[in-house]
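Participant: Use these hints to put chain B onto chain A, whose structure you have.
Order-wise, the sequence lines are chains A and B.
The first sequence begins at 753 in the working numbering and counts up one residue at a time.
The second sequence begins at 15 in the working numbering and counts up one residue at a time.
It is worth saying that the hints were derived from the structure and are not from the lab.
Glycine is no exception: its CB is placed at the ideal position from the N, C-alpha and C atoms.
Check the hints yourself; a few may be wrong.
As the list claims (entries may be wrong) - A few chain B residues facing chain A, derived, Cβ under 8 angstroms:
| hint | residue |
| --- | --- |
| 1 | Ala43 |
| 2 | Leu60 |
| 3 | Phe80 |
| 4 | Asn81 |
| 5 | Lys82 |
| 6 | Ala84 |
| 7 | Phe103 |
| 8 | Ile114 |
| 9 | Ser118 |
Unchecked claim - Over the 12 angstroms line for every Cβ pair with chain A, so calculated as not near, a few chain B residues:
| hint | residue |
| --- | --- |
| 10 | Gln28 |
| 11 | Lys29 |
| 12 | Lys113 |
To be verified - Here are the simulated lysine to any residue pairs, SDA-like style, with alpha carbons at most 25 angstroms apart:
| hint | chain 1 | residue 1 | chain 2 | residue 2 |
| --- | --- | --- | --- | --- |
| 13 | A | Lys835 | A | Asn770 |
| 14 | B | Lys113 | A | Pro859 |
| 15 | B | Lys19 | B | Ser110 |
| 16 | B | Lys113 | A | Ser819 |
| 17 | B | Lys56 | A | Ser825 |
| 18 | A | Lys823 | B | Ala111 |
| 19 | B | Lys19 | A | Ala813 |
| 20 | B | Lys56 | A | Thr757 |
| 21 | A | Lys766 | A | Asn805 |
| 22 | B | Lys85 | B | Asp67 |
| 23 | A | Lys809 | B | Ser69 |
| 24 | A | Lys822 | B | Asp67 |
| 25 | B | Lys19 | B | Ser69 |
| 26 | A | Lys835 | B | Gly55 |
| 27 | A | Lys823 | A | Ile812 |
| 28 | A | Lys809 | B | Lys19 |
| 29 | B | Lys56 | A | Asn780 |
| 30 | B | Lys19 | B | Tyr108 |
| 31 | B | Lys82 | A | Ile812 |
| 32 | B | Lys72 | B | Lys85 |
| 33 | A | Lys835 | A | Phe807 |
| 34 | A | Lys822 | A | Val771 |
| 35 | A | Lys761 | A | Glu821 |
| 36 | B | Lys56 | B | Ser69 |
| 37 | B | Lys113 | A | Gly768 |
| 38 | B | Lys113 | B | Gln17 |
| 39 | A | Lys766 | A | Gln802 |
| 40 | B | Lys85 | B | Gly30 |
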Amino acid sequence: DGGITQSPKYLFRKEGQNVTLSCEQNLNHDAMYWYRQDPGQGLRLIYYSQIVNDFQKGDIAEGYSVSREKKESFPLTVTSAQKNPTAFYLCASRPSAGGSYEQYFGPGTRLTVT
Amino acid sequence: QQQVKQSPQSLIVQKGGISIINCAYENTAFDYFPWYQQFPGKGPALLIAIRPDVSEKKEGRFTISFNKSAKQFSLHIMDSQPGDSATYFCAALYSSASKIIFGSGTRLSIRP
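For reference, chain A alone in the conformation it holds in the complex:
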């Protein structure tokens, strides 16, 4: 089965702890993305990566960090510097940042920080 896997589906953390969200894809896509979605809100871009070992900040990168050491993996770390980390996090991938239009989303991880 080809697709995007995000784990876990639900994640709970105490305030002040860093937490890493997993995103894996076996679609052989070059570009990967992280979005944040708050209740009743749209999709806000956190970080994106067009190729391995390279990534760019999106619209709301503060308090987050990413790495892209492998083509199939793009983990997102929510640091203690993120003031309101509780949200639904979506990972997405695309065959290539240029020349291809289709973007596919994973099932999401709901993070709750108390």
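Facilitator: Leaving out everything else, chain B in the frame of chain A:
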């Protein structure tokens, strides 16, 4: 220039009715306009998409109408069903772009 404005924010339609969601854009470089459907607790999924060289695209009960001169496009859901209740996002991008620009979303509820 990079924004896509979507309306309405929420919409309630009776079963069997027509649901209409509208989007407007400014950047004339956009050359692909997809619509995504998202059910609660799930990731968005591509529903239907159109390129600006056509004025309409239909897939089953879902139709995109595109007005290039007005820089507007809309999603029409014919014979709306309770199973269509979801959040819908319009989007826009151009082929060399690294990012997709999403609208703010419309929460659609179909009353039985």
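Participant: Which numbered conditions among the earlier hints are violated in the structure presented, ordered from lowest to highest?
Facilitator: 1, 3, 4, 5, 6, 12, 21, 23, 24, 31, 36, 37, 39, 40
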